[in-house]
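> Spelled out, the chains give:
Protein chains: 4
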Amino acid sequence: MDYSQIISEITSNVASLYGQGKVADYIPELGKVAPRQFGFCLHLNNGEVFVHGDSEVKFSIQSISKVFTLSLAFSLLGEDIWKRVGVEPSGTAFNSLMQLEYEKGIPRNPLINAGALVITDMLVSNFQDPKTEILQFLRQLSGTQNIQYNETIAASERKTGYRNFALGYFLKSFGNLQNDVEQVLDVYFHQCSVEMTCRELASAMQVFSHHGMEPFTGQRILSMSQTKRLNAVMQTCGFYDEAGEFTFAVGLPGKSGVGGGIAALLPGQYSLAVWSPELNKKGNSVLGMKALELFTTLTGRSVF
Amino acid sequence: MDYSQIISEITSNVASLYGQGKVADYIPELGKVAPRQFGFCLHLNNGEVFVHGDSEVKFSIQSISKVFTLSLAFSLLGEDIWKRVGVEPSGTAFNSLMQLEYEKGIPRNPLINAGALVITDMLVSNFQDPKTEILQFLRQLSGTQNIQYNETIAASERKTGYRNFALGYFLKSFGNLQNDVEQVLDVYFHQCSVEMTCRELASAMQVFSHHGMEPFTGQRILSMSQTKRLNAVMQTCGFYDEAGEFTFAVGLPGKSGVGGGIAALLPGQYSLAVWSPELNKKGNSVLGMKALELFTTLTGRSVF
Amino acid sequence: MDYSQIISEITSNVASLYGQGKVADYIPELGKVAPRQFGFCLHLNNGEVFVHGDSEVKFSIQSISKVFTLSLAFSLLGEDIWKRVGVEPSGTAFNSLMQLEYEKGIPRNPLINAGALVITDMLVSNFQDPKTEILQFLRQLSGTQNIQYNETIAASERKTGYRNFALGYFLKSFGNLQNDVEQVLDVYFHQCSVEMTCRELASAMQVFSHHGMEPFTGQRILSMSQTKRLNAVMQTCGFYDEAGEFTFAVGLPGKSGVGGGIAALLPGQYSLAVWSPELNKKGNSVLGMKALELFTTLTGRSVF
Amino acid sequence: MDYSQIISEITSNVASLYGQGKVADYIPELGKVAPRQFGFCLHLNNGEVFVHGDSEVKFSIQSISKVFTLSLAFSLLGEDIWKRVGVEPSGTAFNSLMQLEYEKGIPRNPLINAGALVITDMLVSNFQDPKTEILQFLRQLSGTQNIQYNETIAASERKTGYRNFALGYFLKSFGNLQNDVEQVLDVYFHQCSVEMTCRELASAMQVFSHHGMEPFTGQRILSMSQTKRLNAVMQTCGFYDEAGEFTFAVGLPGKSGVGGGIAALLPGQYSLAVWSPELNKKGNSVLGMKALELFTTLTGRSVF
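Chains as they are written, first to last, in the working numbering: chain A, 1 to 304; chain B, 1 to 304; chain C, 1 to 304; chain D, 1 to 304.
Please keep in mind that the hints were generated in silico from the structure rather than gathered at the bench.
Do not rely on the hints blindly, as some may be mistaken.
[Stated by the list, open to error] Residues on chain D that point at chain C, a partial pick, calculated with CB under 7 Å:
id	residue
1	Gly19
2	Gly47
3	Val51
[To be verified] Label-pair restraints from in silico Cβ distances:
id	chain 1	residue 1	chain 2	residue 2	range
4	B	Gly175	C	Gln178	30 to 38 Å
5	B	Gly47	D	Tyr102	35 to 43 Å
6	C	Leu76	D	Met1	46 to 54 Å
7	D	Lys22	C	Gly47	50 to 58 Å
8	C	Val49	D	Met1	46 to 54 Å
9	A	Ala34	D	Phe174	29 to 37 Å
10	B	Met1	A	Phe127	51 to 59 Å
11	C	Asp80	A	Glu182	49 to 57 Å
12	D	Arg220	C	Ser16	43 to 51 Å
Glycine included, C-beta positions come from ideal geometry on N, C-alpha and C.
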């Protein structure tokens with residue numbers, strides 16, 4: 001298959017969508033990103049890499065970080081993590097807090113904010129220095145030391161992230177955070193602030209298309225069975241209330257972030273990362289979503 | 001791979017679960033089914049068929065019928081069907097009516113009761129004799145004329161299906177049913193009453209593992225893209241509020257019914273049907289769920 | 001106190017509000033009512049009656065009928081009625097169905113539709129001919145034989161009242177309707193279709209300002225304690241999601257209907273009825289609400 | 001009426017209920033209160049005071065403080081306060097957070113925690129030293145300087161009041177808190193920690209039975225119309241999800257607190273306070289609720 005040609009065709013095609021979305025501006029730092037950018041990186045399991053457009057530009061991975069902290073917690077603690085967080089899609093965003101109340105503080109899944117906070121709390125309990133460990137893990141997965149927190153973004157989110165504070169205290173009131181809310185949020189805001197390029201992100205996703213083996217050093221991070229489960233969670237829960245829409249249109253497990261990035265994979269075949277900062281109303285990258293839909297259509301391959 | 005051996009091993013293994021579930025008894029007819037039964041049929045895309053246990057016993061397919069009426073409506077009306085029904089998972093069962101109210105009568109997806117009623121309403125609008133057409137479609141897909149409605153079951157559900165009447169009138173109040181509620185429910189109760197064996201059901205699911213082509217006559221029912229979407233809907237919405245759990249544990253698109261049947265498939269590879277009438281609290285077959293989890297684990301194959 | 005003067009002043013004052021509301025048109029018959037009408041009748045406990053404007057014009061009492069069927073059921077069955085319906089305000093209209101689901105089919109209170117259906121079901125169980133008995137009860141309370149059902153309105157509501165059918169079947173699915181849904185709804189649509197004038201309605205409310213004694217024949221309908229409770233229910237639940245607003249602004253127990261009528265009372269002092277068919281967005285009479293607010297302000301008397 | 005005799009009879013009667021409830025123990029300090037205590041103070045508008053039992057024992061007024069901060073804000077800011085908080089009952093406790101989300105951060109009423117936080121935020125914005133002003137206001141209303149914060153209780157609540165922190169940050173995320181969440185909560189936890197005796201509390205409630213005039217100095221705190229409204233809010237919203245039950249059984253505007261106190265009044269006639277620390281499951285005093293029900297029954301007087 002001529003991936004280079006396909007990606008090139010996709011890039012031309014999606015350019016017409018510039019201007020339909022809006023760069024996230026709920027924190028000033030994120031709003032400074034230039035809108036008309038688009039990067040695409042395909043990383044095949046055999047090691048071949050195809051890059052296109054702005055795929056060497058760093059962007060804020062935001063919620064995509066939840067997949068990595070989940071993997072880290074899963075590899076450390078195994079099935080025990082599912083005692084404190086579910087694996088069900090969350091339905092509408094609208095219901096999230098109510099569901100949390102109805103379900104006594106057990107978040108529906110680890111990829112919504114409440115669930116990700118519980119996962120981060122696990123890491124805080126298990127590491128002396130959780131921020132360093134998370135960074136180290138991301139560096140290992142992406143095969144480069146060149147991964148950093150953006151302290152300005154992290155500070156910005158801490159200052160205005162009232163809803164995350166609300167979630168944190170709500171979880172705490174149910175006894176589902178073991179550490180100080182402030183401490184957990186500090187780590188959480190940092191993990192969201194990590195910056196990566198499409199190339200780095202696609203590399204970091206290789207572990208999931210390799211059934212849990214990190215291909216650069218050959219280290220097994222997750223068992224095959226765990227990886228199957230993690231991919232399944234991405235498939236059903238990776239896109240907030242567009243999970244169904246994304247599964248429906250794209251058919252790949254993946255995760256999006258409000259920085260405009262989307263990471264996805266086809267088990268046994270490839271991982272990929274796409275980035276374009278203009279978001280639709282549900283907070284997913286306009287060009288990114290379209291690019292992935294085109295990619296699975298043009299390649300004729302998806303999990304379905 | 002020695003499928004025969006794997007299925008045999010699964011059968012031995014799940015037998016220990018007899019007695020953990022309970023046969024559905026909300027209508028007397030369903031409650032008459034003998035509990036300790038288990039059937040398994042694997043139908044490979046190359047035509048090979050592996051059967052085990054009670055796979056030639058007829059059972060009530062119930063909600064599995066929703067997949068077939070959805071396919072029929074999708075093949076007739078194309079993308080227009082998504083104007084009246086969504087593709088998002090429904091979150092908790094608890095929320096279903098509220099979501100319907102919040103979303104102004106547009107059901108979250110076509111595999112919950114409300115969505116299936118809307119799909120059935122489409123068929124009622126498009127066919128002179130919808131009941132005959134549905135039966136005809138099922139006979140074509142399963143490659144046998146030996147598919148019938150169970151009029152006793154249909155009558156029983158009509159008599160006690162108050163909640164479905166409630167849903168129907170609720171949809172009608174939002175203008176999302178075009179036909180008489182009574183008429184739509186009559187067709188709906190009939191489609192749920194259809195009886196099939198595991199062998200027949202596995203055959204009928206072949207169209208989805210064949211990317212939309214019905215393999216017995218070679219007729220294309222759905223385009224490849226439509227089939228991808230339909231499989232995606234099954235993956236995210238096929239198991240009520242256990243959709244995530246099933247995706248997580250099994251990793252195949254599928255659909256369950258309160259008759260104890262589960263149908264599933266691996267795109268491009270196989271379809272299968274499993275049946276055992278004892279249900280867990282969420283209405284899914286206890287032995288069936290376990291059998292599928294073992295099957296994807298032992299074969300090492302799933303969509304993820 | 002010069003009530004005549006006060007009512008006259010109110011009438012002048014509210015005339016400026018004509019055109020701000022909209023006559024209910026969800027059934028054609030109701031929509032035929034001429035909009036610019038206003039009637040007011042004050043009935044003191046000493047027997048004095050003050051009428052103003054269109055107070056001899058018949059209008060559809062609609063939901064105000066719920067107070068009377070509740071009284072009838074309460075007088076027949078006593079405290080037992082509270083096993084099947086609560087006494088709590090319903091919060092937002094938006095939540096009504098969810099609350100019904102959450103609370104297993106026990107409606108929050110007898111003045112929302114679901115609760116009123118349960119009350120009507122009780123009357124259907126207790127009377128050979130519930131429609132005749134309800135009419136008889138209303139004739140006794142209002143002191144006139146000139147009270148009738150409007151069969152055209154009742155038939156109209158039966159034809160389009162899908163949401164009430166949905167509620168009925170939903171209650172039935174929880175086992176909280178003993179009779180056929182169709183039969184209960186037939187009685188319910190009839191009770192809503194009753195037509196009264198402001199004068200007749202104010203008379204019919206006298207029983208509540210007389211602590212349960214119907215003053216025309218001196219018959220005790222409800223005990224003092226029961227009447228206190230019934231008035232309390234009107235105070236907290238009589239105005240759907242404007243219950244608080246009405247209590248706040250007016251401070252009298254009362255009940256409104258989409259026909260534009262509002263009935264209210266001051267225990268031990270008077271009952272009153274006001275009618276004007278133009279409704280605000282929440283379904284309460286625009287001029288009626290304002291008139292009552294002015295009345296308690298100008299008289300300086302309310303329950304608070 | 002022989003009030004002394006009635007109160008004495010009530011006291012004997014309710015003693016049989018000791019042991020049915022449980023002292024609040026969600027913070028250690030509150031849990032230290034001896035359970036078998038009961039105090040009752042009736043304060044007639046003519047100045048006569050009837051006390052019984054433990055009516056000179058200080059207890060934590062907790063949520064009853066919300067009525068006083070609301071009065072203070074209402075007297076300062078007038079109708080503007082209703083732009084930021086509603087006057088509708090909140091339905092079930094279960095829904096509170098969802099309603100807040102659905103209604104974009106506008107709490108249903110000022111007597112639920114979320115609404116009280118918004119009111120406290122107004123006081124923080126309007127006073128240099130809000131804690132001193134609140135205490136001063138309570139001292140004026142109760143006619144004694146002997147009113148203090150309990151710093152131990154306040155500190156205890158600050159340490160464990162995760163849910164209140166969650167509410168505060170949630171309101172902040174909607175822009176409905178102007179000040180720092182920490183600062184608002186500090187004032188809020190202090191106001192809840194105020195300790196009063198039944199006698200002092202009954203005195204402090206006199207302003208509401210005197211239509212807004214504080215009777216000790218003759219100063220007008222609220223207009224007649226404002227007082228009517230405030231009493232109405234207590235009637236419909238004063239008892240969380242037992243508001244309807246209390247209105248139904250007692251028929252007086254009032255407010256309860258988890259310290260076991262209940263304050264209530266009959267406009268134009270009297271105010272009263274009852275206290276007994278054993279609570280029912282909804283957080284209201286078991287003996288207190290029963291005592292008030294008996295009081296309105298035996299006196300034959302209520303607002304209805």
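> Hints first: check each against the structure and report whether it holds.
Checked hints:
no.: 1; hint: Gly19; in the structure: violated, 25 Å
no.: 2; hint: Gly47; in the structure: violated, 21 Å
no.: 3; hint: Val51; in the structure: violated, 26 Å
no.: 4; hint: Gly175/B x Gln178/C: 30 to 38 Å; in the structure: holds, 31 Å
no.: 5; hint: Gly47/B x Tyr102/D: 35 to 43 Å; in the structure: violated, 54 Å
no.: 6; hint: Leu76/C x Met1/D: 46 to 54 Å; in the structure: violated, 33 Å
no.: 7; hint: Lys22/D x Gly47/C: 50 to 58 Å; in the structure: holds, 52 Å
no.: 8; hint: Val49/C x Met1/D: 46 to 54 Å; in the structure: violated, 33 Å
no.: 9; hint: Ala34/A x Phe174/D: 29 to 37 Å; in the structure: holds, 31 Å
no.: 10; hint: Met1/B x Phe127/A: 51 to 59 Å; in the structure: violated, 42 Å
no.: 11; hint: Asp80/C x Glu182/A: 49 to 57 Å; in the structure: holds, 54 Å
no.: 12; hint: Arg220/D x Ser16/C: 43 to 51 Å; in the structure: violated, 31 Å
Of the numbered hints stated above, those contradicted by the structure are hints 1, 2, 3, 5, 6, 8, 10, 12, listed in ascending order.
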